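Student: Quick note on the working numbering: the sequence shown kicks off at 1 and runs consecutively.
Be aware that a few hints might be false.
Stated by the list, open to error - No more than 16 angstroms apart at the CA atoms, straight line, and that leaves these computed lysine to aspartate or glutamate pairs for EDC-like:
hint, residue 1, residue 2
1, Lys78, Glu127
2, Lys241, Glu260
3, Lys95, Glu43
4, Lys29, Asp49
5, Lys78, Asp28
6, Lys154, Asp141
7, Lys214, Glu115
8, Lys262, Asp226
9, Lys181, Glu198
10, Lys175, Asp201
11, Lys181, Asp201
12, Lys241, Glu253
13, Lys60, Asp49
14, Lys262, Asp216
15, Lys60, Glu43
16, Lys60, Glu46
17, Lys214, Glu114
18, Lys227, Glu198
19, Lys227, Glu265
20, Lys124, Glu94
21, Lys95, Glu121
22, Lys124, Asp141
23, Lys80, Asp20
24, Lys78, Glu115
25, Lys154, Glu121
26, Lys227, Asp49
27, Lys227, Asp201
As the list claims (entries may be wrong) - Restraint ranges, calculated between C-beta atoms of paired labels, are given here:
hint, residue 1, residue 2, range
28, Lys144, Ser30, 23 to 29 angstroms
29, Glu196, Phe83, 21 to 27 angstroms
30, Leu139, Ser233, 36 to 42 angstroms
31, Asp20, Lys144, 33 to 39 angstroms
32, Gly24, Glu55, 50 to 56 angstroms
33, His100, Ile220, 25 to 31 angstroms
34, Glu121, Leu92, 47 to 53 angstroms
35, Gly243, Arg161, 58 to 64 angstroms
36, Thr250, Ile220, 29 to 35 angstroms
37, Lys60, Gly24, 38 to 44 angstroms
Worth flagging that the hints you see were computed from the coordinates, not collected in a lab.
From a predicted model like this one, the values you see are computed outputs, not experimental measurements.
Backbone N, C-alpha and C fix where the C-beta goes; we use that ideal spot for every residue, glycine too.
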Amino acid sequence: MNKADTTIQELLDIMARLRDPVQGCPWDKSQTFESIIPHTLEETYEVIDAIERAEPQDIKVELGDLLLQILFYCQIGKEKSWFDFHDVVSALEEKLIRRHPHIFSDEKMHNTAEEQHNLWEALKEKERQKKQQSTPGVLADIPKNLPALVRAQKLQARAARVGFDWPHIRFVLDKIQEEIKEFEESYTQNDKMALEEELGDILFVCANLARHIKSDAETILRRANDKFERRFSGVENRVNKSGQSWEMFTLEELDQFWDEVKIEEKK
1 MNKADTTIQE LLDIMARLRD PVQGCPWDKS QTFESIIPHT LEETYEVIDA
51 IERAEPQDIK VELGDLLLQI LFYCQIGKEK SWFDFHDVVS ALEEKLIRRH
101 PHIFSDEKMH NTAEEQHNLW EALKEKERQK KQQSTPGVLA DIPKNLPALV
151 RAQKLQARAA RVGFDWPHIR FVLDKIQEEI KEFEESYTQN DKMALEEELG
201 DILFVCANLA RHIKSDAETI LRRANDKFER RFSGVENRVN KSGQSWEMFT
251 LEELDQFWDE VKIEEKK
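Work the whole structure out from these sequences, hints included.
Tutor: Below, the structure is given as structure tokens:
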């Protein structure tokens with residue numbers, strides 16, 4: 001057994017001890033599959049944040065925290081006699097081999113990453129249909145609790161696989177204009193429910209626009225959030241340096257600060 005195997009087994013032993021019915025930690029013992037979900041989401045986003053900040057030490061720590069979530073689920077699964085960590089690893093190993101026939105068998109290697117990704121998706125689709133006793137719907141089994149932008153792009157990509165997609169990005173841009181016009185019409189009618197529905201349509205088509213340029217909408221929006229936060233902090237610094245409160249500045253003056261920050265960023 002190598003060091004990695006030993007370390008994993010040590011972690012599994014620690015988790016079992018934390019969950020021990022008699023001597024375990026009260027908090028750890030009380031957790032369920034459902035109660036850990038918020039922590040899993042939080043740890044996932046902390047991994048993403050560390051990666052986007054390009055901080056190797058933080059990435060290492062956050063990946064460990066995410067691994068803890070997996071160990072937690074595996075221990076609970078073991079207690080229920082559903083599965084254990086080794087079952088999870090075995091299933092993953094089998095899946096990786098099955099979905100890479102060009103590596104682990106004599107199947108032809110595809111030339112590009114995109115072609116290989118399409119093969120991966122085709123194999124996933126075959127597996128999905130095999131699991132269903134009846135023919136599944138095209139959009140079946142896309143998790144409803146995914147982040148909204150992520151789920152939007154998965155729905156759109158799945159529909160595109162059967163030909164339900166615009167052939168050119170120009171059509172997506174036209175659709176955005178159409179949805180904005182419908183939003184404006186709802187705004188003049190002061191219809192809150194209609195406004196929310198039309199705004200949802202705009203967001204959905206914008207996610208599709210990101211898909212058409214082969215980008216992840218969630219990542220794009222996170223970057224936009226970061227840019228706003230960074231530039232607003234620049235405005236805030238100028239306000240603080242002035243010795244005056246926010247209320248002393250007009251919107252036009254704050255906009256001037258904003259423009260100054262933008263210019264500085266581009267230097």
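Student: Looking back at the hints listed earlier, which ones does the structure fail to meet?
Tutor: As far as the earlier hints go, 1, 3, 4, 14, 18, 24, 27, 29, 32, 34 and 37 are violated by this structure, in ascending order.
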